[in-house]
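Enquirer: Here's the letter readout for the chains.
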Amino acid sequence: MKTNHKAEHFVAPVEETPLLATDAVKTDDAPLSLWADAWRKLRRRPLFIISAVMIALIIVVAVFPGLFTQVAPDNGCVLSNSNGAPTEGHPLGFTFQGCDIYSRIIHGTQASLMVGVFSVICVLIIGVTFGALAGFFGGWVDTFFARLGDIFFALPIVLGALVITQLPFMRENRGVGTVVLVLVVLGWPQMARITRGAVIEVRNADFVTAARSLGVSRVGSLVSHVLPNALAPIIVLATMELGVFIVAESTLSYLGIGMPGSVMSWGNDISAAQASIRTNPAVLLYPATALSITVLSFIMLGDALRDALDPKSRQR
Amino acid sequence: MIQFILRRLLQVIPVFLGTTLLVYFMVFALPGDPIRALFGDRPPSEAVIAQLRQQYNLDEPFWVQYGLFLKNLFTFNLGVDFTGQPIADTLARVFPVTAMLAIEALIIQGVFGIAFGLVAGLRKGGIFDSTVLVLSLVVIAIPTFVLGFALQLLIGVQLGWAKPTVGSNVTWGSLILPAVVLGMVSFAYVLRLTRASVIENMNADYVRTATAKGLSRRQVVTTHVLRNSLIPVITYLGASLGGLMGGAIVTEAIFNVPGVGQKLYQAIIRTEGPTVVAIVSVLVLVFVLANLLVDLLYAWLDPRIRYEN
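Residue numbers (our numbering), protein chains in the order written: chain A, 116 to 431; chain B, 114 to 422.
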């Protein structure tokens, strides 16, 4: 076909159309990463804002309990106040031992939250390592970790907790560390499973193959390319597990194998409340509410994170 | 397929050995002397103690005890516990009770979870959907034993709609309240899973095709959306069966259900090694077989999944 370059233009040249500004791609800007995109989405979610504010408040209570109550939680319990109704300065009433319920809830925040945070950190270290190795290398490594996880899944929690609390170096100083150890030993397989699934999804992606062909070692590609891209479900699960571990602490206390009675925690208060639940339900109700609100905040945060990070849910 | 099943069944062996060894070792490591504990305040003569120790192989070192346990297991002889009762009888007594409880909990969480999740998913963003979503999180956030106490006090004691405790005479009806408590958390998960799955499938091309060829909404939902949405839900329910069988210690304690959880708790507190290991062995088998069943179910529901090589 013959083209006449000198022919008159019937369409305005590209330079003169307003389309240019619209079509322009700002190549200088950093592309929005998954995280920046998620953050933009999260800022507009009421669920995320409420849970983030709640968690911030709970952390402040845990670190500075003295800001919220002047009443001593353990000394100053007067038996004549046993199961007493709320009075001036004691808004939630008194426990069976005559202690101020409100003050005990405020001061119990620290132990409960510490159990949750430390357990999640340890579960992340163990579960992500094992799960990443299993998912990335596959084969017998995968089988080994999967079956190892089965063994720990089948372990009764009471037995695990009893044995760990009786370990020689644990018997002397039972406390937050003991409960954390129990929860980590019995809780890592869940994290390993999720990590394994996420790693398997990413390991055959083109960018991993590209990195490998550029000479990155297998372990190098796992650490710097596969894991960062498999992080979303891991973070979501970690947020939710924080709540689950706080509940588990109270369940261990209920079974009589949690922290010693001298440590103030919601779990201990809830399990101590069993005795007087029919005469004074407030003793059970208020610590249980504090615990449920905390757990709810973390689970809501995890839920909001999942919605923001999951590309599948984003299209909807 | 046969090869896959065989390989998975072979893998049961190391898991079984690993678990029993670990549990045996843990019971072995527990402090306290179970034989002396039998007699309470009035200590028996040393001869009686030595005799009993020998009878239960407690005078042997750990590896010999474990070896003897394995040897007895292969001859289907589980031995007797410290009260002289055959352990096999104990297992035959407690496992049906917990199985009844687990089945009821499974039905409750399955039926209600799928129904609520389906309705919420079909009306995504509506009032019902938002309410149910938040409520399900609240359910997850409340510890099981708090829920158990609350329902026991409210429904069992104050309203009198159900017996507050189960006791030795176990019937399907008496287990409903404990089953509700046991199935509550999983109910929330089933609900959320069904909802997410329904929403995903409602946008799928085959649903648009089904609607386009003139099927009524009811037919589209029941034959196309629901069937495909159930794949992840059923696998979750299968996997939770293992947890329900073993994880009912708290619920069984609150409602005094004479099942596996309660027996296991007692046996651990009394450091009755043989009973603990026997119960855990059965639990491991249930757990591993449930997992295998889930994998097979998955392949059957979704023909795209194949277990070759």
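These are computed hints drawn from the structure, not numbers from a lab. The structure displayed is predicted, hence computed values, not measured ones. A hint or two may mislead.
Some, not all, of what chain B presents toward chain A, calculated at C-beta under 10 Å [unchecked claim]:
#	residue
1	Pro144
2	Ala150
3	Gly153
4	Pro157
5	Gln167
6	Leu186
7	Asn190
8	Asn282
9	Asn404
10	Leu406
11	Val407
Chain B residues, not near chain A, derived (Cβ > 12 Å throughout) [what the hints assert, rightly or not]:
#	residue
12	Thr132
13	Glu159
14	Asp172
15	Val177
16	Phe262
17	Gly280
18	Thr384
19	Ser394
By construction, the Cβ of each residue, glycine as well, lies at the ideal position given by its N, Cα and C atoms.
Enquirer: Each of the hints needs a verdict: does it hold here or not?
Expert: Hint-by-hint comparison with the structure:
no. : hint   : in the structure
1   : Pro144 : 5 Å, holds
2   : Ala150 : 15 Å, violated
3   : Gly153 : 20 Å, violated
4   : Pro157 : 25 Å, violated
5   : Gln167 : 25 Å, violated
6   : Leu186 : 16 Å, violated
7   : Asn190 : 23 Å, violated
8   : Asn282 : 24 Å, violated
9   : Asn404 : 7 Å, holds
10  : Leu406 : 14 Å, violated
11  : Val407 : 13 Å, violated
12  : Thr132 : 5 Å, violated
13  : Glu159 : 26 Å, holds
14  : Asp172 : 22 Å, holds
15  : Val177 : 21 Å, holds
16  : Phe262 : 6 Å, violated
17  : Gly280 : 19 Å, holds
18  : Thr384 : 9 Å, violated
19  : Ser394 : 9 Å, violated
Hints 2, 3, 4, 5, 6, 7, 8, 10, 11, 12, 16, 18, 19 from the list above are not met by this structure, while the remaining hints are.
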